[in-house]
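> Chains as they are written, first to last, in our numbering: chain A, 1 to 512; chain B, 1 to 330.
If you're looking for bench data, these hints aren't it; they were derived computationally from the structure. What you are looking at is a predicted structure, and each value in this text was computed from that prediction instead of being measured. Ideal placement from N, C-alpha and C gives every residue a C-beta, glycine not left out. Among these hints, one or two may not hold up.
Taking lysine to any residue and the SDA-like style, the derived pairs with C-alpha atoms no more than 25 Å apart in a straight line are [stated by the list, open to error]:
(1) Lys489(A) to Trp150(B)
(2) Lys375(A) to Asp388(A)
(3) Lys489(A) to Gly102(B)
(4) Lys86(B) to Pro454(A)
(5) Lys489(A) to Leu100(B)
(6) Lys485(A) to Ala187(B)
In silico contact screen, one side only, chain A against chain B (beta carbon under 10 Å); selected entries [to be verified]:
(7) Ser101
(8) Ala110
(9) Ala478
(10) Thr480
(11) Gln501
(12) Asn504
(13) Ala508
Here are some chain A residues the structure puts well away from chain B; computed CB gaps all over 12 Å [unchecked claim]:
(14) Ala132
(15) Asp187
(16) Thr291
(17) Lys300
(18) Gln338
(19) Ala458
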Amino acid sequence: MTIISRGSVALAASLTLLAVAGCSGGSDDKGQATDELTVMAPLFGTAPDPGGELQQAVEKLIGKKLKVTWVPNAEYGDKSNVTLASDKLPDVMVTNEKGSSFVKAAEAGAFWDLTGKLDKYPNLKPANEQIAKNSTTNGKTYGIYRVRPLLRSGIVIRKDWLAKVGLKEPRTVDELRAVAKAFTEQDPDGNGKKDTYGLIIPKWPGGYSSASPYDVIETWFGAPNAWGERDGKLVPGFDTPEFLAANKWLRGWVQEGLVNPDFATLDTGNWNNPFVQGKGGMIIDVNVRATQLLDLFKEKSPKDFDKVTLVGNLERSDGKKFSYPFTGYNMVMAISKQRIRTEEQLDQVLQTLDKLQSKEGSVLLTNGIEGRNFKVEGEFAVPINQDDPKVKTIQNDVDKGFIQLGTRASVGMGAYRLKPADEASRAMRDKFDVLMNEDLKTAVFNPAQGVLAPTATAKSQTLDTIIPDARIKYLSGAITEDQLKEQIKRWYDAGGTQVAQEVNDLVAKVGG
Amino acid sequence: MATDLVPEVAPPAAKVSRRAPAPKRRRRTRPLWQDLLRYRWLYLLLLPGLVYFLVFKYLPMYGLSIAFKDYVPFLGYSGSEWVGLKHFQELFTGPDFGRLMGNTMLLALLTIVFVFPAPIVVALLLNELRVNVVKRSVQSLIYIPHFLSWTIVASLTYLLFSVDFGVIANWIHGLVGGQKTDYVAQADWFRPLIVAQLLWKQTGWGTIIYLAALAGVDSQLYEAARVDGAGRWRQFWHITLPSIAPTVVIMAILTSGNLLDSGFEQIWLMTTSLNRDVADVFDTFVYSIGITQGAFSYATAVGLFKGLVGVVLIFGSNFLAKRLGQRGLF
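This is chain A alone, in the form it adopts within the complex (with noise of 0.2 Å):
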């Protein structure tokens, strides 16, 4: 008898622990909120040191305590949807506003409709209304964007290559293609084998319209840019002539040998290799890829590394150019009602965020501790005390984590700029805006940016993958241009049809 008791006591007793440790987790008290800010947002390194410099900077400026879940970004997505399912959602939490998870959860309200609500607070009311409008789900603002430059596409290329066979920067795909032709044949590294490809190409990890190589260059041929307007109506941008005609084109490349061969597989964190190794000479990517680049010959040696140029987008044979936009954000800051039950709750922490998006606040966020670890020169920041170990730590610290809170000022738009250490670089940087600008005035924006079908979020299993799949498939030559148009049509019949209607109507409801 006395063993039973003892037995049932002993797992009552663990079931108990384990309800209670199940429940402290979920429901803090409500006050706790008013000193504290829990975070949550992508990683890009090693996380930053939670009682570091940096951190405690910025928890003066905000006059709370910082609590910041750093998530490496590779696995953010995964991350953010176990979060969604879990009951700890921080205060604020970086998200894709559009991805399905989040919309559902926002939906069922547990994040703040935001929209119409940043007005009032100078530094989150946004900068910029077209991006403001990207950043909407279904004319819902359902978070603080954080901003990116609007235009990053380009081509990167190794120049001494270039002159190497004599050829000049190209202006036009046809020009393009000759290069890639010359690079492939032409024997650009002078060992005198025909190792080399034009243009290299990894498996490219998000769907389409995910600012891939693919659809870049689908993007110069005129294919619209996700949705675009044919006939009064809006139709998915592979299913216009355009994009088959571009990815026509580059299946030819293919066929040459001009891409590398091993472009359904080569992983995006080993897409800089075969360029710096010398195997290819050409990268369709996001333009900070070239300083990027060219910091890695650089390093390789850094008397002679001034072999990478930029060039923007292309014209198409007949003279007309079309341009890839980017969205002009990269995902907003929205903020959960768990523990922001009221109004001025809700209130208290967007003036927190004010704050931490004031000039000052994006200084520290993208530059760090003015005197410590960089100075200001004019309009540009130069890093200072670099080889102290703790200066070393707050530069850390904001390149690889606190740079992604800030939304007024972020990547690739810092609050000042970083100077450039050499001349090449400064050069590159500076062809940067020139090419944005340039190439701004041919941009192709998606009509239908701001708006989620929601079938397309009930079906994404299915849908997402039929199109980047028969791409490349069509592309490596395992189907024919037939079966590519029989793909297209799996979309619509697998659930597309409806899509594109919920599209149409969304857009002519909400705008884009």
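Model the placement of chain B on the given structure of chain A, informed by the hints.
Just chain B, lined up with the frame of chain A:
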């Protein structure tokens, strides 16, 4: 659980049975609590295991209820709306089901045909080895791949078979000539690669249990057979094989329950745009829709379906084993 475990860990049971049958009968009529009292220490030993199963295996099953709901985390388990069999209907009538089932089953079949017998064959071969040192070192060497994670195995495969710089791929190309084959990307090569990886990684480790079974065979049997004039082959056929048959059957039944577990990591890492049509299995599907896309209810429904198929397979193969005159698992 309780009744299963007690005779196994309780030496007194053996003592009891050797005595007269009378106390046995008395035992049967004794109420449960007296049993509990009598074997209290054994039950106490059982408790942690029981708690483990309750807390980590049975309590979470409560979450399975979301397969029948439209689960929204913010509303919680109880707050989410009941939708009955909607998600199952969606699964069975959806465009993915046939492909997923086909791929999963085909991989399972390949596993049964190629991967399952491999350790048995290797164990039998090892058993025939005379020199102990060779046997031991071979054994140790073939265990090693088991300790590498799938990530490493997949990276190695890419390194060796990549069309651009793969060592083995280039070597084969040098031998065969013709156009370069992209082994890691092409759909046709997906299944052979998966099976090859499984063989390389798991065969050595799998031999352990069969080697143990082989070590347990009574050597007197072999001596008697030799006296009767049986050769090596006869001994193998009439002694070795029947001796390990029960182990093989048990392993087969256990494997059948996991047949639909296609090894998520391995397949996920080997999937590309070109081979997705043959690579998508239930496990990767559940991951994509559940974790990547946050459709928790649908993912749970798919997982539950997979679990049910597993249960059916286990009972089915157990039944089959008994019909074939072997001892089943239960």
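> Are there hints from earlier that the structure breaks, and if so, what are their numbers?
Checked against the structure, the hints that fail are numbers 1, 10, 11, 12, 13, 18 and 19, while the rest are satisfied.
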